[in-house]
Amino acid sequence: MSVTINIPQFLQPDTDEVKVAKVDGGTVGECLNDLVQQFPQLKPQLFNNKSGKLHGYLDVFVNKKSAHPEGLGRPVANGDELHIINIIVGG
Amino acid sequence: MAANTGRFLKVNLSTGKTTTESVPEQVATDFVGGRGYGIRYLYDELAPNVDPLGEDNKLLLLNGPLAGAGALASSRWMAVTKSPLTGGYFRSVGGADFGAWLKFTGYEFIIIEGKANKPVYLHITREGCRVEDAAEIWGQDTRVTQEWLTQQHGRNTRCVCIGPGGENLVRYSAIVSGRRTAGRGGTGAVMGSKNLKAVAITATRHLQLFDQAAFAQLAKEQAAVVLNNKGFQNHKEWGTTRTQNVTNALGVYPVQNFRYGQQIGCEKITGEEYRKLRTGKFGCYTCPAKCGMAHVVKTGTYAGASSEGPEYETIWAFTGNTDTTSREATIAADELCDDLGIDTISTGCSISFAYELYEKGILTKKDTDGLELKWGNHEAMVALVKKIARREGIGDLLAEGVARAAAKIGKGSEAYAIHVKGMELPAYEPRGAKTQGFNYATSNIGASHCFGYSGQDIFGAIVPRPSDRFAEEENADLVVYNQDHTAWHETGIICAFAGGWGWVPDIFGKMLVAARGIDQLADEDHLQKVGERIYNLERAFNVREGFGREQDTLPKRMLTEPLHTRKAPGEGQIVRHQDEFLDRYYQLRGWTKEGIPSAKKLKALGLKL
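Sequence order for the protein chains is A and L.
Here the first sequence stands for residues 55 to 145, numbered as in my numbering.
Here the second sequence stands for residues 392 to 1000, numbered as in my numbering.
Hints may be right or wrong, so weigh each one.
What the hints assert, rightly or not - Subject to a maximum C-alpha distance of 27 Å in a straight line, what follows is the list of computed DSSO-like cross-link-like pairs (lysine-lysine):
#1 A:104 to L:659
#2 A:104 to L:667
#3 A:107 to L:667
#4 A:118 to L:627
#5 A:119 to L:667
#6 L:958 to L:920
#7 L:659 to A:107
#8 A:118 to A:97
#9 A:119 to L:681
#10 L:681 to A:97
#11 L:659 to A:118
#12 L:659 to A:119
Calculated from the structure, these hints are not laboratory results.
So that you can see chain L by itself, here it is in the shape it has in the complex (with noise of 0.2 Å):
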């Protein structure tokens, strides 16, 4: 019996051609599946130093090799595409039921090419895909736009879509389904940018896999595993909306653009107050943590908004940058960010950015729009969230992210523009949690946290082995291990927090096979060199891009500014041996002392360019 690689369709929206193909046994077995194929594709396919927003940039929607199959927490999809916010290669990932809908149509994936020359949709089922008129939802928000296409096509469809900020070319716009985005990086932009509103899947549950009676099986394993994990029962119990509790304490929760990394009045803002506006709790395809926990506001300026969040990421993205503790506005930015569809983390760090130029000075209230961007002013936060998405006034300059929003103000603003090859940066402070602040600094997407998460730093964990959290080029060696522990990971695309809950490597490794039916994925060792593999490939992707060492590098505040910690531990830390660090994670990685993998390191991944 033939290994089952996968199919994708290729749709070129310039011409409504589409064609199908299969994935070669060689490209599965290297590149498995999820991000592996999403990087693999991408390069071959993309010409270098294409514009982003031009009609020659692709966009691959992905599921992995596990989606829709009954296991837990394995459903997610992803977008990998030429970022408009980096310019460089960039994977997004995003929850709810996409996955496994475009699974059920028997794709793996998609590669949508081209650009339309009106608004459309794609509405893709088993029989086929069609490109429909999109008229009628352009212009809308996300909600309404989800809602009319299951109205069009029956209730056994799910969707991705953009809303205004992804047609109006937001550079941090995401792509939703559900209630769930793939946030970061502009990709709802570059869907925008083809006019292209949605992806609409009309489907039932229908499934190829090598080894069904197998898979089945290792299912059952799984959820006694996961079921019984306590690091599950914590999230099923919290999500994420109670890491500020403990990253606050540390001194790495940041607070007015990067000054500080305690906020004070936290006390309002913990798990354990939005508790008290949790209205219920959502989840992704077959995951029973069910972490998106639902929140209400029922009183007040904020009365009536109600988001399915906000987590971690987002309850910092509008307290710590413009220093509020209002729980009720935050609930507010999360539901625009979703309606709107922009990333919720680069919205609440442009809104800092300015509130600091505010303060410097370097805006005024005539280039404000008359806002007043003082600190702890959260009516405007909200309402420069929705002037992003809409590019309207400010909004219109802040949409372009910090760092061109920078470059077209001048006057000294580059100082406070606090990102990462583009990117700005999220939750943890990198003077206080290096190895995170190094894993941003060398990501290959810009300053993500989920591309080579350190929980050693803060949250004690011990594999592959405890770290200093103020250490620098001591812990090259974990920045390695996160970020290609991650890329393998993610060939399945399963859920972040999922990858702790104690199934893998070992079960997750047998379910590939079962999957698949390619035995070397069973292989721990196999799926490390993967993750390796891949990560250098995307590596290769930015270096024919033009980047390099230089790009490679934390924010100026980081490495010049001593961290304000309040009364918190790490005091005055400032990271000081960037280049230091930088020669040890090239080393350990094979690559130049410019940061470019060797034609060794190549050679031994089995890479040929």
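So that you can see chain A by itself, here it is in the shape it has in the complex (with noise of 0.2 Å):
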């Protein structure tokens, strides 16, 4: 099964600049799993050290939609596309 993860600018330093990248998994934790795989370094990018769970301030949109609350064990099909949001805004 072939996923899309768009990477976003601000973790693209961390994947040598690589913007999209194809993954398997039929989680979002999977795909994400899968893509720390592929770039090592953005694994304390994507998850917090201790809990190992995603950092509170990042969300995965499927197909254009949040995870949330399913979050990491979100089911994603073949095709789909995830892109990585910082849900932290300024103002």
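Grab the two chains, each in its own frame, and use the hints to assemble them into the complex.
As structure tokens, then:
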């Protein structure tokens, strides 16, 4: 199964400027783990060191809709498109 | 049943005369309310080229159609006027309870005109409006003023007021309600110029909605969506106190008057560090986020200082600007700005400007009343906050804003005046977040991050599309989208953060219909066109005041000096294609090459000027 992950610009320094990656997985969490396999430097940028959970200020959108509240457990299907978003905003 | 378009109160301070009128249904359909009503009436009411601090300027205080009705995060208020800082159209938004209270009186807005011959305040109830003597509170800070008004009129009273900053006509003085401010653009000075210290409202909950039952049901739906939204949950936990963690890492946290994009020692000013000083949370009317994080300083130079903040922009205003990392100083400076009634962003930038002039030898100790304005000196920074609000010594010069101060100082100081249309820049470096930068350049109110916030640049927002933050003219469509989008959101004067919590546009549009009884307001395409109409009418106001392409520019520093980001991405970035950007932006807007809305565009928007 192939899923596309769009890497936001703020994470591209940890993907050697790769903007789009193809990953395998049946859930958001599995897809992100596959992404980390490809780009190990991403791990601390995505996950809390202690809890292993996605950082609280990040969200993953599946086909332009938030995966919250299922989060990492949200199922994905072949051909789905994921975006990683920083939900902190300024002001 | 007739549409519920709203009523407004007009008060002439010169004569004491008050009148009440209703908004025509066509205006409600075309402009919805809030910011839409603000520009529609300001454009029609104000003669061209009036002195912003003269008797002929007018000040509008508005709520939105959803205010006070139980919708979450939708009861903010707005001040609309001609700005003494920019000389153009201005809108500034504030929180707390005043928006709801104004609605409880049966009014959607107040138009204040003329000038009182002595200090006064307005006291408004459902029975009417009285002009009262303000001699006892003139000269007092905003906290004392509001306490006095509550003593006079009882606990069901809410106010907006000015502090010494507004009385002293500081060009970036604020209007304050509770501890929330309509900070930017000098709306406080407009009140001060009219000898108007405050507007106090005594009222209890009273609403007039087109369909109360439908609105109540929608409010339940809104709450279910918002409370489950991850962005809301993060905002409830942190407010904006963690934004600097992100912007600093990306090299867009302006330091030393926009010379650097990253602050050394930033680990001392992270959201997590501010949390150690947090003592409570405060929020606006019916908003469960309570994003105002209260902080108290317990020891050291600033022991005893406390503020409902600082939030991101204020943290930056009093750290990056002067290259200090004292959280305690930011809390003290924030408290002073709220008490004295001045804008934290323009205050911080004006101080930063003075520090750079001091470094360059353009200002010396003789000019600074003996203060040593060296980067990192937070005690001088806090001292300058007081001097600005009171127009003491060098504070009198800095109270004019950096553009006017530079014109007075000369000696090449203009190169260090970081502003757009006279208004100082907020906490996003334009060379590292170029969509945001071009939003500043083209904004109707000068350099405001809230007038077309570009979440695509650094936070990875994907609506309407992702962006490359270093791209220039390629992102002109995003600037247009963000500006128009913000304009129609602000017809409801909903919280800028809440707009991203999953209930806009669907539930928002339905709420507008339940409030107004005008079916078109549920149509997103209609709202998008309303946003474009508002933006164009504001632009037309500015064109009437002499604005055009020449004023749509970033500061020279951004166009000529490479950004130094220290260890962050974006080193060496510069804005290279501003002209190409403007050509593309004007084309998308349907404006001439000089930045003037074309007759064809105005006609398409139904604007007869």
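Hints versus structure:
A distance of roughly 22 Å separates the Cα atoms of residue 104 of chain A and residue 659 of chain L; the hinted pair therefore holds under the 27 Å criterion. For the hint linking residue 104 of chain A to residue 667 of chain L, the alpha-carbon distance of about 20 Å falls within 27 Å, and the restraint holds. A threshold of 27 Å between alpha carbons decides the hint, and for residue 107 of chain A with residue 667 of chain L the separation of about 23 Å falls inside it, so the pair holds. Only pairs whose Cα atoms come within 27 Å are accepted, and residue 118 of chain A paired with residue 627 of chain L is accepted, the gap being roughly 23 Å.
With a C-alpha separation of about 34 Å, the suggested pair residue 119 of chain A and residue 667 of chain L falls outside the 27 Å cut-off, and the hint is violated. The hinted pair formed by residue 958 of chain L and residue 920 of chain L fails the criterion: a straight-line CA distance of about 43 Å is larger than 27 Å. At most 27 Å may separate the alpha-carbon atoms for a hinted pair to count; residue 659 of chain L and residue 107 of chain A meet this at roughly 25 Å. Straight-line distance between C-alpha atoms of residue 118 of chain A and residue 97 of chain A comes to about 23 Å, which keeps the hinted pair within the 27 Å bound.
A distance of roughly 26 Å separates the Cα atoms of residue 119 of chain A and residue 681 of chain L; the hinted pair therefore holds under the 27 Å criterion. Between residue 681 of chain L and residue 97 of chain A, the direct Cα distance comes to roughly 32 Å. Violation of the 27 Å bound is thereby established for this hinted pair. About 36 Å separates the Cα atoms of residue 659 of chain L and residue 118 of chain A, which puts this hinted pair outside 27 Å; it is violated. With a C-alpha separation of about 35 Å, the suggested pair residue 659 of chain L and residue 119 of chain A falls outside the 27 Å cut-off, and the hint is violated.
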